[in-house]
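Top line first, the protein sequences correspond to chains F and C. So the mapping is simple: this note's numbering equals the position in the first sequence, first residue as 1, plus 792. So the mapping is simple: this note's numbering equals the position in the second sequence, first residue as 1, plus 792.
Mixed in with the good hints there might be a few duds.
Coverage of chain C stretches by chain F, computed from C-beta distances (three or more under 8 angstroms per stretch; other residues unrestricted) [what the hints assert, rightly or not]:
#	region
1	884-898
2	927-935
3	1094-1106
4	1247-1257
Every beta carbon over 10 angstroms from chain C, so not counted as near; a handful from chain F, in silico [what the hints assert, rightly or not]:
#	residue
5	G925
6	L1073
7	R1089
8	P1095
9	W1232
10	H1246
11	P1260
Calculated from the structure, these hints are not laboratory results. The C-beta atom is built at its ideal place from N, Cα and C for all residues, glycine as well.
2 protein chains.
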Amino acid sequence: MTKHQINGARRRVLQSLPALALANYLPNALAAGKEQPNIIFILADDLGHADLGVYGQTDFKTPHLDRLAADGIRFTQAYANSAVCSATRFALITGRYQYRLRGGLEEPIAGASDTIGLPPSHPTLPSLLKKQGYGTALIGKWHLGYLPTFGPLKSGYDSFFGNYGGAIDYFTHKPGVGPNVKEDLYEGEVPVHQIGYYTDLLGARAVDFVNKQQAGKPFLLSLHYTAPHWPWEGPGDEEISRNIDNIFHYDGGDLATYGRMVESLDASIGRVLAALEKKGLAENTIVIFTSDNGGERFSKTWPLTGQKTELLEGGIRVPAIVRWPGKVKAGQVSDQVAISMDWLPTLLAAAGGAPDPKFPSDGQNLLPILLGQARSNERTLLWRYKANAQRAIRSGNWKYLKIGKNEFLFDVVKDQRERANLAKRHPEVFAQLKAQWETWDKQMLPITADVRTHGVSGPVQADRYGVPASGSVPD
Amino acid sequence: MTKHQINGARRRVLQSLPALALANYLPNALAAGKEQPNIIFILADDLGHADLGVYGQTDFKTPHLDRLAADGIRFTQAYANSAVCSATRFALITGRYQYRLRGGLEEPIAGASDTIGLPPSHPTLPSLLKKQGYGTALIGKWHLGYLPTFGPLKSGYDSFFGNYGGAIDYFTHKPGVGPNVKEDLYEGEVPVHQIGYYTDLLGARAVDFVNKQQAGKPFLLSLHYTAPHWPWEGPGDEEISRNIDNIFHYDGGDLATYGRMVESLDASIGRVLAALEKKGLAENTIVIFTSDNGGERFSKTWPLTGQKTELLEGGIRVPAIVRWPGKVKAGQVSDQVAISMDWLPTLLAAAGGAPDPKFPSDGQNLLPILLGQARSNERTLLWRYKANAQRAIRSGNWKYLKIGKNEFLFDVVKDQRERANLAKRHPEVFAQLKAQWETWDKQMLPITADVRTHGVSGPVQADRYGVPASGSVPD
């Protein structure tokens, strides 16, 4: 690396302010009374970076999502805010680092609590869009705290059909196994019983929702599937559902089942998109598809390493696709670095609104990128994770990573597998990123002893043999 | 699993004798004076299961090896005898479990010693083929012990050009870095200095060898590349060579460089095959291509987990291709389970010979499979590895795996990723395989304190964060 390059690297490192500078590019036309777009925000659960055909999956097919990407823009460097479910969902719905809220520290939220959840008073993507005149609905997984204290109807959604927790069995709709476990399926705040494969139920409800919409009244539909989260049950696998004794399902699953789960997710989304088309709403609807964290045990993450619960790229890199016919040019592939908390400012901008100034977004309004009005810009993004004392910062192409006692500096563009540790070759970059992480960390809520965290461990996953049953290595 | 299936599983588990029963299928025609085939045995170093186009690599191209597979038979379930270099080479050259020889216990051989190497008196693939009238040559890596005690010329090869150790820099031909390190490049037992990229030097020498051959005098050419073993240097990367300070090259490499290394390997092999064709020898030459262990840090091993130094499938599963025009039908893909030590009895059978009865092969003569005279048969294969106290046995589709304190039972056909631990669902299979491993282990040399072993550790590889700097977790 030449001196010039080092200076370039240093400049990039120093560009650490939440990159809102581009907000100036906000197209005023959109904010000035033109027809507001509908929004369908589709979130998959534990879907890894390369689990869609268009991202490199070759073992099964995802024609509807591949087509969605072909009709719009696909991001190759999109990140989740966290390596687990509920933490990322905090960032998504608030547009801010999840570490600003106690509930967002949980990795992930495990059970009911009066204090751990999304405070109903906090501005959210649905509550801010409501102010712009939107109807709002969540169909699917909430995972931001339990009734009676927390819930989607208390945080900006007009209606809700789905589960409050982190995972349910696809057939019993229970968050665990056994006769004493209650179903976690709700219509608003009322428990309901339904028969069917959960992915299909959510898709059917979303189709109903779309069919009820009328042009002129914009809507936000958050369609948050649990697929392809464990347990490992594809459509028709009721017998597997009857035979599991632990919902984590460490003794089940295989690539074929995983493929069927993702294919059914793709098919379900296909039905929703077809309904949108038939209703004549496709043209003025922004459809976003992404995932809440990196891949789990059967996910394809090649060429990345790492997985859910890890700040390696495979644990936080996700697919991200945006389609907005007529506005976002079809067939685009963008290397813009993006992250879950960007969608709030982006979608508010598209709706003619903006984040609450008292709760400014830590994310970036990506609308100028989507509309082709701005070129890719460098980002500085930060993560932390309690299990295994993980820290990460990406700035430009550099990434500082700490796991346990081990520290690394990677060029994650050149070396996506995070193998070549450049810490000694570029000590000044290494030191700067490390210091920058520390400065940022002080602005976030501290990780205290009572914060729950979850890691992979050797006893349940053979290739993590060094990690003891506790799931944590010493820091 | 039904009772019938359990009994089937038990039967498979009990079929544990070295599966030599098929030797009866040996085609007598071959042993009865017909023209003996030439043999080119090509061994790659650290090439992973999915690193060739025909095995799923899509990031770069390997047209010559893909074509070799199309013209012959490709094995989808081929294994290396060990998860590291020299141990597998012991099994390859002796046709027996490497654990029968002190040198074979090393993981891998690291330095010169009077006792750790292949005893010159031991029958080998080249020495046994010489008795069948073959001329024999090794071009490339030896790694079975150092001069003056050990060496290819002492173990059955008529000639040798290559390196004695485990790895050399592709440009300096040194097994380490710095002015005091001597080159490891030999013509027989005489050090030689040459200029050039090692993969190209070996290919050119192999082309020369082929060009000197005459029909009627059969030959064995062992062409053992070091590619794509570290250091991470593609053709033209002399500047990288000048700048590395540790031959393990933990601060270098990336997928693009790795791709160029494998592409140059493929091109070099292409030149050898073209020479064979031009010389008119292709028709009567068996060409075998395989690797000595599973993938290293940049290797593609999807959908397997694990890597070199691990008994997970990714650490021991390798590509294996055989071409023998006219004899082996083109375009075949075989699910026959195979292992490095099978090649000795297989090639001797093809040459009209057999292993030395005092040193019977632990492998299986695969000739009936290659010639389409027998269907795939179930195997029982066993491995052990000192680092992280690893044990593995595959019997039928079952695999028992132990790493550190963690024990697993997998169906590695249904679940190639080794995620679903079936130990509690099938306790009888688990117990049987475990006992079978113990019985076998007693027949092998013990792993004593002085046995060297090498494992991946967290400080050098981010996704192995649980493994301490020593490279071993407690057993």
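Cross-check of the supplied hints:
Check result for the region 884-898 of chain C against chain F: violated, 0 residues qualifying (beta carbon to beta carbon below 8 angstroms, three or more required). Evaluation of the coverage hint for the region 927-935 of chain C: breached, as 0 residues show C-beta separations to chain F shorter than 8 angstroms, against a requirement of three. Note: the region 1094-1106 of chain C has 6 residues with beta-carbon separation from chain F under 8 angstroms; the three-residue rule is met and the coverage holds. Closer than 8 angstroms: that is the beta-carbon criterion, and the region 1247-1257 of chain C has 8 residues meeting it against chain F, so the requirement of 3 holds.
Here G925 (chain F) stays apart from chain C, with its beta-carbon at least about 47 angstroms from theirs, past the 10 angstroms limit. No Cβ of chain C comes within 10 angstroms of the Cβ of L1073 (chain F); the nearest lies about 37 angstroms off, and the non-interface call holds. With a minimum CB-CB distance of about 5 angstroms to chain C, R1089 (chain F) fails to clear the 10 angstroms threshold, and the non-interface call is violated. Interface exclusion of P1095 (chain F) from chain C breaks down, the closest Cβ pair being 6 angstroms apart, not more than 10 angstroms.
With a least CB separation of 21 angstroms from chain C, W1232 (chain F) remains clear of the 10 angstroms interface cut-off, as annotated. Interface exclusion of H1246 (chain F) from chain C stands, the closest Cβ pair being 15 angstroms apart, more than 10 angstroms. Taking the minimum C-beta to C-beta distance to chain C, about 7 angstroms, the non-interface status of P1260 (chain F) is violated against the 10 angstroms cut.
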